[in-house]
Amino acid sequence: MRGFTHYISGLAAATFFGALVGDLRLGILIPVIAAAAAYFPDFVDFKFGKFLARRDYEIDPAPWDEKKHYAPKLVKVSELSEKNRYQFFAIEGMVEEILARGSGKVSYKVLREDGGEETVTETYNSIVFTLNDGTGKITVEAFGDDYEFFEEEFGRIEGGKRLLVFGYVDLEEDGSLKLVVSDAPHPQGIAETIARAIEEAYREGERIVKIHNIRLPGDVYRRFWVHPDPPKREVRVEMGPIVTPGGVAIGGDVPEYRKYGVAKVSVPFIKTYPKPTRIDSFSGPEIAFRRAEFKGKTVVKDRFLPWHHGFSHSLTMGMIIGLVVFAFFRLIGYEHATELALASMIGQWLHVFEDQLGFMGSNLLPPLTKDVVPGFKLGESGSGLTNFSTAWLMIAFMIWNFNRFTDPRPIPISDAKLLLLLAWPSVIGFGIAIAKSFRLRKEISELMDYYTNLEAFEEMEEVGGI
Amino acid sequence: MVPLSDLLIWSLAGVIFGSLISWIPGFHIFNIMALLVAVFGVGELMPVQAFPFFAIGAIVAYAYVSAISSVYFSVADESAVFLLFPTQRYLLLGRGHEAVLLYLIGAVAGTLFLVLGALFIFPRVLPPIYQATSPYITYFLVAIVVFMFMSEWPKEGDRGRTPGERLWLAWRQILGGILVFFLSGLLGFIVMNTNLLPTTSAYTRLTPMFIGFFGMSWVLLNILSNPPMLEQVPDDRVESSLYNTLKASFGGALGGTIAAVYPIITGGMGALVAGHMTSQRGDDAFIISQGVNRVIYYVGAFTLLFLPQLRLTRGAAAWLVSSIYTPKSYAEYLAAIGVILLSAGISFLFTYYLSRFIANSFNVVHIKKLSYVVAVTLVVISYLLTGPMGLAVLFVSTAIGLMAAAFNTRRSYCLGGLILPVLISMTGHTGYFMHLLGLG
Chain A
1 MRGFTHYISG LAAATFFGAL VGDLRLGILI PVIAAAAAYF PDFVDFKFGK FLARRDYEID
61 PAPWDEKKHY APKLVKVSEL SEKNRYQFFA IEGMVEEILA RGSGKVSYKV LREDGGEETV
121 TETYNSIVFT LNDGTGKITV EAFGDDYEFF EEEFGRIEGG KRLLVFGYVD LEEDGSLKLV
181 VSDAPHPQGI AETIARAIEE AYREGERIVK IHNIRLPGDV YRRFWVHPDP PKREVRVEMG
241 PIVTPGGVAI GGDVPEYRKY GVAKVSVPFI KTYPKPTRID SFSGPEIAFR RAEFKGKTVV
301 KDRFLPWHHG FSHSLTMGMI IGLVVFAFFR LIGYEHATEL ALASMIGQWL HVFEDQLGFM
361 GSNLLPPLTK DVVPGFKLGE SGSGLTNFST AWLMIAFMIW NFNRFTDPRP IPISDAKLLL
421 LLAWPSVIGF GIAIAKSFRL RKEISELMDY YTNLEAFEEM EEVGGI
Chain B
1 MVPLSDLLIW SLAGVIFGSL ISWIPGFHIF NIMALLVAVF GVGELMPVQA FPFFAIGAIV
61 AYAYVSAISS VYFSVADESA VFLLFPTQRY LLLGRGHEAV LLYLIGAVAG TLFLVLGALF
121 IFPRVLPPIY QATSPYITYF LVAIVVFMFM SEWPKEGDRG RTPGERLWLA WRQILGGILV
181 FFLSGLLGFI VMNTNLLPTT SAYTRLTPMF IGFFGMSWVL LNILSNPPML EQVPDDRVES
241 SLYNTLKASF GGALGGTIAA VYPIITGGMG ALVAGHMTSQ RGDDAFIISQ GVNRVIYYVG
301 AFTLLFLPQL RLTRGAAAWL VSSIYTPKSY AEYLAAIGVI LLSAGISFLF TYYLSRFIAN
361 SFNVVHIKKL SYVVAVTLVV ISYLLTGPMG LAVLFVSTAI GLMAAAFNTR RSYCLGGLIL
421 PVLISMTGHT GYFMHLLGLG
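Taken in order, these protein sequences are the chains called A and B. Position one of the first sequence corresponds to residue 1 (UniProt numbering), numbered consecutively onward. Position one of the second sequence corresponds to residue 1 (UniProt numbering), numbered consecutively onward.
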């Protein structure tokens, strides 16, 4: 659920206590603590946990220019190394020597809609030259669609011409660096790092990968998808269009020949959510790959945002919050410290319960429970339907409670009738959400059944892998 | 009530007046109306009973036509501000006219919501709900403020080299927001509770402060960033879906209604709440919901002045009008709804054709030059309304508005200028704070 949905649940929790409502009517605003307590789990995770969490691998496909805070970063040739392979940079320098100019044919594999591969052959124009920026020189290569753009931008490339070239770093056959003209990083680097993390997690127990997003000038983002594919034992990454922070695609699709990155994984792994991970605006995700037992076999399981839905999202934390609130407000002499503590605890518990309606689940009662209890999969956290239904229900509760605790009642009808009149939109919303969730739950269930009988697991067993 | 013919004439005069000034960046209909009343008075120019209808025409026009200034004349280079508004992004992509059309879709939806609500829902539902919840307005207000702070999304921090650096980068922005809120609040408290501004400016004492926070600071950003004037495509084409339109309209209506009914809660705060409640995403949805939100917030709030069973005074225009004449009959309420429909139709056409005209000739006058003219005009308005001390308030509030941009935080934190003094007053602590600041 979204933050405000949790927050408003805390606001509503406070109104169930007549003493607190009485205080509010007198202008004593302390009960707002209950709302802060309800939002507290996300506040801790997103304002602290996210930044303090461990990162074993940090994938930054397009490092930011430190002054402008967007990519590509303007670098010197001498700063680049093999570690920067597939990353997106800009280099400013002078054309030193034209090494090749011509046309030819290029073959590359593309992924069809059905997931199969297809080999495409195209004719292309190209240019290869060396660029010197005063700190060193690098080979620059432009071909295919990128060559067309490059020529449009700079005209005919000749020795002595100054250029600001964008592209991704790659390696020549002899291991030397080259810059391939492009408007995006190559996805292969992302795929290879994730595959390596999965393999290491299988051996070592856990690897956490931070994937940064790609921010471009004009507050737009290059969207890309990461799709670990267990049946095929591979990680696929697809470079997508340029999008606004609001998710509207504004063109800028990359050519097919540098759209996909595929890396094979040599160990079994499963993905707990059926859709690929999409990365565009705001910040990129963290994914933990953890060794786990699944149907008696050792596999690597993914966990999205490993710093999220931990201890902060447990019922235990709710009790701690209640005790702290009680102790503090009793200490400062607040008359209704007990009611406030209960409202704060219930507010935090409502947060845990509301998140449990989604996918991620939470570790509900640590230290008694050690692992996450899977969510009920009623809807995604961003679902407008479940968010609205919950928030509206809380508004209904607030109005209902304000009315109950006021004498004479401003709305002079029975409690049951008033609640029914206020809450019907939420009842309908939840009904639709439950009906819609059946399809997704079935899809996930089928996926898990499929993993159970995955041939790839059996093949590994035959060769003694598992 | 004035005769129908007079009512129509004065409503049309309001629409024309509102349309002619609302496209200019930094101008706000409330300020201009206050200036009009201050300079010319009302009783002599028009019958006092006609003033509410003149005002409603002007406010409807503002709710529609101000889309032009927010789309075409508030651009900023991406190096000057970290996060651009969706309308600015559309402009930078040459799709300013499309942004205006999306806004107009929302504005029309907002008008329909408002008119249907005013006819069938508000008279029955609003009075009891308002009566049950109004004693707790301070609770809602402080809750929204606390949520604004708690939910600030750190835009930086991800790329720090160490956990400590990441935490600092994230919190630098959050702390900057808190600072902006409290500085605004301090300024607002002084402006509201001292005789810094002349008593003759009773109705307009907040005007220079708000011009500084939201108008002048924006205009200065235009001048400083010197944005490129990109060619605009004037095609009548929008990219959205029916689902997005309906969802955005619903969210916008919800946010606009909250802001219209409850005092101090502004359109931006209402949009924040409703956006979270309905989990909105997408630039098209954002712009559409802005159209709905602004119509309901501005026009809806003013319409409550006409609602016989409730007669709430919401917004500066309503306070200004009610000080001269408050509508009393149900006939006036129905007439106001009719004026809203008529004004919306005229404003829609005016906005549409003006947008086409500006899109076709966008790079004729550079926004930087226009911004200089507007900056001077805003200074003149502030001076005329509040005198030399008003200019001092304008200077300070402009600096605070620019701080919000520099800290990369929500500009709505500047609403601290209104919220903080009101909260202090509502909780009965004005005297204590006056003493604390050495002001009394």
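Wrong hints could be hidden among the right ones.
To be verified - Below, computed lysine-lysine pairings styled on DSSO-like, alpha-carbon distance capped at 30 Å:
1. A/K68 with B/K328
2. A/K73 with B/K155
3. B/K155 with A/K67
4. A/K76 with B/K155
5. A/K271 with B/K155
6. A/K259 with B/K155
Stated by the list, open to error - Some chain A residues close to chain B (C-beta under 10 Å, calculated; not the full set):
7. A35
8. K50
9. D60
10. A100
11. V128
12. N132
13. I208
14. K210
15. P231
16. N387
Unchecked claim - Only some residues are given here: those of chain A computed to face chain B with a beta carbon under 10 Å:
17. M1
18. L11
19. I28
20. F48
21. Y202
22. G218
23. F353
24. F388
25. T390
26. I395
27. P412
28. A416
29. K417
These aren't lab readings, by the way, just hints derived from the structure by calculation. Note that beta-carbon positions come from the ideal geometry of N, C-alpha and C, so glycine has one too.
Evaluated hints:
| no. | hint | result |
| --- | --- | --- |
| 1 | A/K68 with B/K328 | violated, 57 Å |
| 2 | A/K73 with B/K155 | holds, 18 Å |
| 3 | B/K155 with A/K67 | holds, 15 Å |
| 4 | A/K76 with B/K155 | holds, 27 Å |
| 5 | A/K271 with B/K155 | holds, 29 Å |
| 6 | A/K259 with B/K155 | holds, 28 Å |
| 7 | A35 | holds, 6 Å |
| 8 | K50 | holds, 8 Å |
| 9 | D60 | holds, 7 Å |
| 10 | A100 | violated, 36 Å |
| 11 | V128 | violated, 33 Å |
| 12 | N132 | violated, 28 Å |
| 13 | I208 | violated, 13 Å |
| 14 | K210 | holds, 8 Å |
| 15 | P231 | violated, 31 Å |
| 16 | N387 | holds, 4 Å |
| 17 | M1 | holds, 9 Å |
| 18 | L11 | holds, 6 Å |
| 19 | I28 | holds, 9 Å |
| 20 | F48 | holds, 7 Å |
| 21 | Y202 | violated, 27 Å |
| 22 | G218 | holds, 5 Å |
| 23 | F353 | violated, 18 Å |
| 24 | F388 | holds, 5 Å |
| 25 | T390 | holds, 9 Å |
| 26 | I395 | holds, 9 Å |
| 27 | P412 | holds, 9 Å |
| 28 | A416 | violated, 16 Å |
| 29 | K417 | violated, 13 Å |
Violated hints, listed in ascending order, are 1, 10, 11, 12, 13, 15, 21, 23, 28, 29; each of the other numbered hints is respected by the structure.
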